[in-house]
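J.: One-letter residues, chain by chain:
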Amino acid sequence: MRGIIGYGTYVPYYRLDRSKITAAMGAGGGRGHRAVAGYDEDTTTMGVEAARNALRGSTVTPSSIWFATANPAYLDKTNATAIQAALDLPQDTWAVDAGGSARSAEAAILGAKGTPGVSMAVASDLRTGNPTSNDESAGGDGAAAVIFGDDEDAPVLAHTLGFAASTGEFLDRYRLPGDDSSRIWEERFGEQAYLALAEDAIERATKSANVGMEDVDKVIIAGLHARAVRSLSRTVGDKLVDDLTGRIGNPGAAQLPLLVASVLDEAEPGETILCVHLADGAYASVLRTTDAIADYAPFATVESQIEGGSDNLEYNLYLTWRGFLDREPPRRPDPDRPGAPPTFRSEDWKYAFVGSRDRTSGAIHLPPMRVSMDGGAVDDMERIRMADVPATITTFTVDYLAFSLSPPTVAVVIDFDGGGRFQAEMTDIDPSEVKIGDRVEMTFRRLFTAQGIHNYFWKARPLAD
Amino acid sequence: MASHGIKDQVAIVGMGCTPFGEHWDKGADDMLIDAAHEAYASAGVTQDDIDAFWLGTMGSGVSGLTLSKPLQIDYKPVSRLENMCATGSEAFRNACYAVASGAYDVVMAIGVEKLKDSGYSGLTGSRPPSDGTDSSLTAPATFSLLAPAYAHKHGLDEETMKEVLTRIAWKNHKNGALNPRAQFRKEVAKETIAASPLVAGPLGIFDCSGVSDGSAAAVIVRAEDAHRYTDKPLYVKALSFSSGPATGALDPSYDYTTFREVRTSAEEAYKQAGISDPRSQIAMAEVHDCFTPTELVLMEDLGFAEEGTAWKEALNGTFDLDGDLPVNPDGGLKSFGHPIGASGLRMLFECWLQLRGEAPPERQIDSDRTLGLTHNLGGQPGACVSFVAVVGSEVG
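Respectively, the protein sequence lines represent chains A and B.
Quick note, the first sequence lines up with residues 243 to 707 if you use the working numbering.
Quick note, the second sequence lines up with residues 14 to 409 if you use the working numbering.
Heads up, a few of these hints could be off.
[Said to hold, decoys possible] Derived BS3-like pairs: lysine-lysine, alpha-carbon spacing no greater than 30 Å straight-line:
no., chain 1, residue 1, chain 2, residue 2
1, B, K82, B, K129
2, A, K677, B, K175
3, B, K39, B, K187
4, B, K325, B, K187
5, B, K284, B, K325
6, B, K89, B, K20
7, B, K203, A, K677
8, B, K284, B, K20
9, B, K187, B, K199
10, A, K677, B, K166
11, B, K187, B, K129
12, B, K325, A, K677
Keep in mind the hints are simulated off the structure, nothing from the lab.
The model shown is predicted, which means the values in this text are computed figures rather than measured ones.
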């Protein structure tokens, strides 16, 4: 029977202490932290990281990718194609976007679940709001990926026992394309609408699953409408799963799959999980874990990523990264936009971090080269993907002059385990802490955006413990 | 197949060099006119006597018209060359070969760069459309990679490394203070250098060469004709150029404490010139001190110091104006300034003054050696081009 055969999550490195908002603005903020995407991250790059975590250690190759976000990096152009390319998936993969609202995550999940073969849903969100707004402090950034398949693909970790959904057309939250912040109607209005829709969906879902609430072990309640989520949460008692909003905020379209992952990270075989998502209606599904969950080790748990973050981010830097605060630029030319044809020619390198290895000498070339630097053989290379290979810093510098959205730029020369060298930008690092001999891994990032083109490429970051 | 060199076949018989600096009142055209006419006067020729021209500029113009239009050259060949920061040397090298081949009797090599019109800090340049994956590091950042690697390899602590780099900048400023054509004409205290705002890695503003405007030119003839123009020609002993495979950032065996391109070009130049011990045979050297760690590493790559000892020699004053082997007596890129296309010819201009005994007395090197060396580099550690010339005041 078809079900979840793998998953991965991504919680970015930085946390904003909400009290820093209050301290700076005399308003807004609150208690706890929100997760913050780096200046070089967007929903596509975070989706890549979550999908990489889902696939690392797995033997399956997805034949479709369903990408959902309320904050797409591009409009009119599919964003899932960059994820497909960054994962080095073959051309016969079907990669598609579902976008615009938090609810689109449901489309990605159900689409992947219902598409034959191994299919992956990737949900990612980067939540912004006007300074001092509720959305600013309550939001969070992150991504989650869920792989669906059958037992012959990989052991199924959880089945869906039942599902139901309801829809309501009403003004809860809304944003015109291009705006930095959503507008929100009075919360008490939405609360009433959501509670009725949720009750209906939950009743039908449990009925179709043939379970009663007494059979449910855990309840996940996701949704951006905090007041409705709180009200509904009060009805489920101690079965309620921590929604992590105090520690990372609410990552919108990614919240439902991220919370499912956090439950699966610790689940025992035979657990029954009710998953509810409030977004322009209600979505309710009943999952049950299998025996295989006991043997499944996620590449990185949600908890380990939350623990591994830095809460030193200052509010002024946060505002700068999100475009609410313009710094004086360096007296340097703006970066050139990448050209479409050269980018097309180097897709394997730029997106998948695939170099070339001399079949005779074994020398690894990053970027790939046709003529070997060791022996001079011409066109006798094989492709070698280095995205998941750890490396060690050989030398480094800090560039205070180079163009960056968050100067200074840290640059490192790294030697990969088993061969291969690359000069990379380093990210998620305090410049004063870089040392020769430090261990790093690669991460997919957005270097900059020039003339409407996002320049995606790989950077080094400290190797997670 | 082999490289043969053209030792003593051609000679410089006249040179010109504008002051380098922020010439808000002069364009590239003006500086080309000034440098060319100073060189004509120096050689005692007119423009009509020049049979062909080689113009080096990285970005201050394209094609031979960049020179023939402001100088109103009447239908003579003008080649325009670019080889990154070694552009000026490349113009000189090709001009020398044209004379040695017998194709022309009298030629001019001239370089120019107008950097201060861009409004930006440091160097800028346009690159062909790319996939966006090339390094966006600035020049100081790429050269700063040398500092921690050198310190790590040779056991210097951060403080000592900073002292060495500061000493190099201090020396070149001290020399530049004696040079009326230099961009920066005053001594700078070591404390000021060491405390200057950071640009990249351990490098402060004072570890970087001056961004400036300028032009320099040379008139070149066959060696046997040289005495028709001057009693004191400068003979070309060696010209070498090395363009590497640019694999430093790919090859784990490269350790960022050397320039392989410099080592190969130096070896070739010494072979052509018949030099076995540059440290004791050369009177002075003008080297590509674009940033202070570059000069440090060059002292070893050019054979002026044993590997791992250049830092001690620099601290001991070996390369000072009154040291065993004066390096950058005119102030170097650091103090004279670095208008890209002009720098290689500016280095030769200092050899022209020093080896002919025509430098201002306060910086004239008192030496019985007759050879001068210029070294010009373009690119970055691990991916560069390198030029070495040896010139001498005597045949043989």
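J.: Each of the hints needs a verdict: does it hold here or not?
T.: We went through each hint and held it up to the structure:
1. K82(B) to K129(B): The hint holds at about 22 Å.
2. K677(A) to K175(B): OK: K677(A) and K175(B) at ~17 Å, within 30 Å.
3. K39(B) to K187(B): 27 Å, holds
4. K325(B) to K187(B): It holds: about 19 Å lies between the C-alpha atoms, which stays within 30 Å.
5. K284(B) to K325(B): Between K284(B) and K325(B) the Cα gap is close to 28 Å, so the pair holds against 30 Å.
6. K89(B) to K20(B): 27 Å, holds
7. K203(B) to K677(A): Within the cut-off at roughly 27 Å; holds.
8. K284(B) to K20(B): With a Cα-Cα distance of about 10 Å, the restraint between K284(B) and K20(B) holds, given a limit of 30 Å.
9. K187(B) to K199(B): 7 Å, holds
10. K677(A) to K166(B): 14 Å, holds
11. K187(B) to K129(B): 24 Å, holds
12. K325(B) to K677(A): Satisfied, since the Cα-Cα distance of roughly 25 Å is no more than 30 Å.
Comparing the model with each earlier hint shows no violations; every hint is respected.
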